[in-house]
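2 protein chains.
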Amino acid sequence: MILHDFERAPNPRRVRIFIAEKNIDIEIKKIDLMKRENVQTDYLKINPSGALPFLQLDDKNGISESIAICRYLEEKYPDPRLMGSSPLEKAQIEMWQRIIEFHGISAAGEAFRNKVEGFKDRAIAGPNPIKQIPDLIERSKILLDHFFKRIDSQLSQNDYIAGGGFSIADISAYIAIDFAGWSKIVPEEKFTSLNKWFEKIKLRDSIKA
Amino acid sequence: MILHDFERAPNPRRVRIFIAEKNIDIEIKKIDLMKRENVQTDYLKINPSGALPFLQLDDKNGISESIAICRYLEEKYPDPRLMGSSPLEKAQIEMWQRIIEFHGISAAGEAFRNKVEGFKDRAIAGPNPIKQIPDLIERSKILLDHFFKRIDSQLSQNDYIAGGGFSIADISAYIAIDFAGWSKIVPEEKFTSLNKWFEKIKLRDSIKA
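These protein sequence lines map, in sequence, to chains A and B.
If you're matching positions, the first sequence starts at 0 in numbering that gives the first Met the number 0 and goes up one per residue.
If you're matching positions, the second sequence starts at 0 in numbering that gives the first Met the number 0 and goes up one per residue.
One chain only, chain A, in its complex shape (with noise of 0.2 Å):
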């Protein structure tokens, strides 16, 4: 099994932090995304979608998309339980997973893409070249603001974002978090609770991976 993995990149940072988690031993092949080493020939014949992470099973075959990974991850490496147990914590998981991938890591990777000269005709991740739009880097503050507002509201009345302990929601929502601020979008200081969750998430072990 092999990781194929980018270190500054959020999407892969993601995975590796569930990998931490979990305390799971895999390969890492770095792709470095700078040197555009993700749409060259020798990469696009492992994974024809250009992004990452993706991860090479030792059968030839594979998966992208980070959080597909994860799954298979959870299902390999049950322990710790990282995506729910009974139906409705994995149900309230999932959810909580897409309200943070929509309006969180979409809304930072809008931010980002659209505004860094690097990525003037690639703002979308992947091999197919599209143009900025910059009026998604202001719109991706207001979504933001919104997300940060439903986030923090969650965190006052929860320990962790899915409502139970510690899950991969949180690990996304850390991710969005840091990401936004990439594009100095933080989130305000009246939202208490998200803020103190995010200190408390930073000090996790895993969070340095």
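Derived from the structure by calculation, the hints contain no laboratory data.
Treat each hint with caution, since some may be false.
[What the hints assert, rightly or not] Okay, the calculated bits of chain A under chain B, using three or more residues with CB under 8 Å as the criterion:
no.: 1; stretch: 53-64
no.: 2; stretch: 70-83
no.: 3; stretch: 89-95
no.: 4; stretch: 127-137
Quantities reported herein were computed from a predicted structural model and do not represent experimental measurements.
Glycine residues also receive a C-beta, built at the ideal position from the N, C-alpha and C atoms.
We have chain A; now place chain B onto it with these hints.
Frame of chain A; chain B shown alone:
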């Protein structure tokens, strides 16, 4: 258990097709999106996000987000499996789900919600006003063309999207293509595998749901 639903919207329809495939009997309550019943106090009390569909459980817990609702039902009513059995199947279905979600359904949603006059100030679903960005209409056509190509390529080697049998990924891809059609964005004839698969899926009883 009550499913809050609106017949014409794509996400609620995904869940209804999923329920029909599993042959589960669930009470349906209509929330009229056209009359904006989803952002009125009565509904926001049940589901603060104002989104549809929403599954209200008998113990007062609730699940929003279409795929989280499907996850709950998959766990409660595993037969027939629509989200995979083995770790690899589960991961590959989740991988395709996310590809469809981010590159298909999102793009179809952007094409529609950024154009139609009725969504002028609510280009993103939910209770917060978000302005339309006309540049997203043109971009969505490009994204959907890439998406059709990718799905066609996958279906040129597989009978169903995730590689095994019929799964939730087929439901989601069907909805993505149908939804793109609302904006008159349709797969070119050259995508023969995709078009053949679409006609095959259309014949399933569940699609009438």
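We went through each hint and held it up to the structure:
1. Proximity of the stretch 53-64 of chain A to chain B, defined as three or more residues with a beta carbon under 8 Å from a beta carbon of that chain, is established by the 5 residues found.
2. For a cut-off of 8 Å, the count of residues in the stretch 70-83 of chain A with a CB near a CB of chain B stands at 4, and the three-residue condition holds.
3. As drawn, the stretch 89-95 of chain A meets chain B at 5 residues by the rule of a beta-carbon pair under 8 Å; at three or more, the given contact holds.
4. Check result for the stretch 127-137 of chain A against chain B: holds, 6 residues qualifying (beta carbon to beta carbon below 8 Å, three or more required).
Checked against the numbered hints above, the structure breaks none of them.
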